[in-house]
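Using the sequences and the accompanying hints, generate a full structural model.
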Amino acid sequence: MKTVTLTDFITDLTQQGNVTVNATIEPFSEIEKQEACQVLEQYYATTLVDIPHTAPAFLPEAALWGAMLIYRACQSILLRHLTESQVRTYLLPYSGPPSAEAIYSIDLTLRFLPDLMHFAKGLSPDDVLVQLLRNTAQSWPFSSVGVDIEENSDHTTFIRLHPSLKYTYVDRIIQKRDHKRLTHPELYDLVKAALGIHADRFWPELKHVTKDLTHIEY
Amino acid sequence: MKEQILVFNHTDKQTLGAVRCIPGLRAAENGDHIWLRGIVVSEKIDIRIRQLPALHTYFLDERNRLFPAGGVTPTGTLPSLSWQPLTTFISVELPVSVLPGKFQRPHIAQLVASGQEKPGAALLVSLATWKAYAETAPEIRLQQVRFAVSEKEEVFIIGDLLPSIPGKEYWRHNTLLVPSGYDFDPPLITDIIEKKLNPQKGNLLVFHSSDEWELIPLSCFVPATRSAIRLTQVSHETK
Numbered sequence: 001m002k003t004v005t006l007t008d009f010i011t012d013l014t015q016q017g018n019v020t021v022n023a024t025i026e027p028f029s030e031i032e033k034q035e036a037c038q039v040l041e042q043y044y045a046t047t048l049v050d051i052p053h054t055a056p057a058f059l060p061e062a063a064l065w066g067a068m069l070i071y072r073a074c075q076s077i078l079l080r081h082l083t084e085s086q087v088r089t090y091l092l093p094y095s096g097p098p099s100a101e102a103i104y105s106i107d108l109t110l111r112f113l114p115d116l117m118h119f120a121k122g123l124s125p126d127d128v129l130v131q132l133l134r135n136t137a138q139s140w141p142f143s144s145v146g147v148d149i150e151e152n153s154d155h156t157t158f159i160r161l162h163p164s165l166k167y168t169y170v171d172r173i174i175q176k177r178d179h180k181r182l183t184h185p186e187l188y189d190l191v192k193a194a195l196g197i198h199a200d201r202f203w204p205e206l207k208h209v210t211k212d213l214t215h216i217e218y
Numbered sequence: 001m002k003e004q005i006l007v008f009n010h011t012d013k014q015t016l017g018a019v020r021c022i023p024g025l026r027a028a029e030n031g032d033h034i035w036l037r038g039i040v041v042s043e044k045i046d047i048r049i050r051q052l053p054a055l056h057t058y059f060l061d062e063r064n065r066l067f068p069a070g071g072v073t074p075t076g077t078l079p080s081l082s083w084q085p086l087t088t089f090i091s092v093e094l095p096v097s098v099l100p101g102k103f104q105r106p107h108i109a110q111l112v113a114s115g116q117e118k119p120g121a122a123l124l125v126s127l128a129t130w131k132a133y134a135e136t137a138p139e140i141r142l143q144q145v146r147f148a149v150s151e152k153e154e155v156f157i158i159g160d161l162l163p164s165i166p167g168k169e170y171w172r173h174n175t176l177l178v179p180s181g182y183d184f185d186p187p188l189i190t191d192i193i194e195k196k197l198n199p200q201k202g203n204l205l206v207f208h209s210s211d212e213w214e215l216i217p218l219s220c221f222v223p224a225t226r227s228a229i230r231l232t233q234v235s236h237e238t239k
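Protein sequence lines, in the order shown, are assigned to chains P and W. Residue numbers for the first sequence follow full-length UniProt numbering, beginning at 1 and rising by one. Residue numbers for the second sequence follow full-length UniProt numbering, beginning at 1 and rising by one.
Calculated from the structure, these hints are not laboratory results. Honestly, I wouldn't trust all of these hints.
Partial selection, computed: residues in chain P whose CB lies under 10 Å from chain W [claimed, not checked]:
id: 1; residue: L48
id: 2; residue: P52
id: 3; residue: V170
id: 4; residue: D171
id: 5; residue: R172
id: 6; residue: I174
id: 7; residue: Q175
id: 8; residue: L187
id: 9; residue: L190
id: 10; residue: A194
id: 11; residue: G196
id: 12; residue: H198
id: 13; residue: F202
id: 14; residue: W203
id: 15; residue: K207
For each residue, glycine too, the CB sits at the ideal point set by N, CA and C.
Written as structure tokens, this is what we have:
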């Protein structure tokens, strides 16, 4: 059977949305990682025309971490014989400091995390893989819109302070109708401004959401 | 005897028009004759029936035997015919005007100021304005419109939820776009204009208040995605 490299995986994920993974877990070689970084950077360039303002710069190590995590998560969903410790080893958290560049570079592949969690919903909520994916969604709110998480104020600040991330985040919140992400008055105001007088048409439930978000009025 | 039967010459067919709307009457062709049945014999037969130029008048009994008026001996039986309701047997034709009217001089349709408020359906903006809007425009608002760019760096945006940016607004009647605040004189001429100038309806007919108009093929309009707006500008600038 043909070996699916990390580059193959990223190309399939970003171009088709259908992926294949190897049935055995082998370490990624340095050459494989370098090639993957090049593919990620090319994909990053194609996203620039669709993102508001100017996107944060490409951060290779962050983009690579995101791609490897998604690859290993796919394998962990399919290969159910993996032990808890093995899964924890493959899905290590990002070790670099948070930044707008890291958030957007990781998002190149981590934007598929909500779909991946949808596939994993058949697993037990106590499954270590489910827990780790939820932790990842919690750590990277920009990529996990639509997933029910607690507020991550550190990352939300980075998102709010970068115009490109901020307006993309607002677009995603509206697209997923994720009112729980309106954790900051500025985000609430931006969503209201985006919908304008047509809020009832685009997002009728929004009128029940209060600005302080301490509760939802119905 | 309950039913009266009348027989006419075929040449008198048009006289049946006088009784066409009387319910229950049925007629059938039989060679050079027309047979009419469905006349219920009563003390008072409708005068319009009595005035018909019938050749023969018969009364029909239960055994389909025909008795001449005043006779007690049948002279025949009712032939088997293809009976039709009289409304079908005699169809309505519109009269032709003998002297159709002629317009002595053509009527010039023109745009005039109108006080009637109509919702905007298109917006004409500059390319720079459109590009600036697209930089931060919410995706959900871009998804509501399509756009086309002209060589004069003008952008025509169409859709029912137009962006709130400075530009010239138009209202829409089918494929006609008319500047807001204007209407045709007479207003009902819009359908005629569309039929004459855009019969296939494959274009948008844009009328300007300066008495100019242009055709924009609908195929020129593309979905307003951020990348489409940015790339359109690039290809436009390299021309």
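Evaluation of the provided hints:
1. L48: holds, 9 Å
2. P52: holds, 5 Å
3. V170: holds, 7 Å
4. D171: Status holds, d = 4 Å.
5. R172: holds, 9 Å
6. I174: Since chain W brings a Cβ to about 5 Å from P/I174, closer than 10 Å, the hint holds.
7. Q175: P/Q175 check passes; min Cβ-Cβ to chain W is 7 Å, inside 10 Å.
8. L187: Check failed: Cβ of P/L187 comes no nearer than 13 Å to chain W, outside 10 Å.
9. L190: Hint holds; P/L190 Cβ to chain W Cβ min 9 Å, cut 10 Å.
10. A194: At about 3 Å, which falls below the 10 Å cut-off, the nearest Cβ of chain W leaves the hint on P/A194 intact, so it holds.
11. G196: It holds, given that the least Cβ distance between P/G196 and chain W is near 7 Å, below 10 Å.
12. H198: holds, 6 Å
13. F202: Holds. Min distance 6 Å.
14. W203: holds, 9 Å
15. K207: violated, 16 Å
In the structure shown, a violation is registered for the earlier hints numbered 8, 15, in ascending order.
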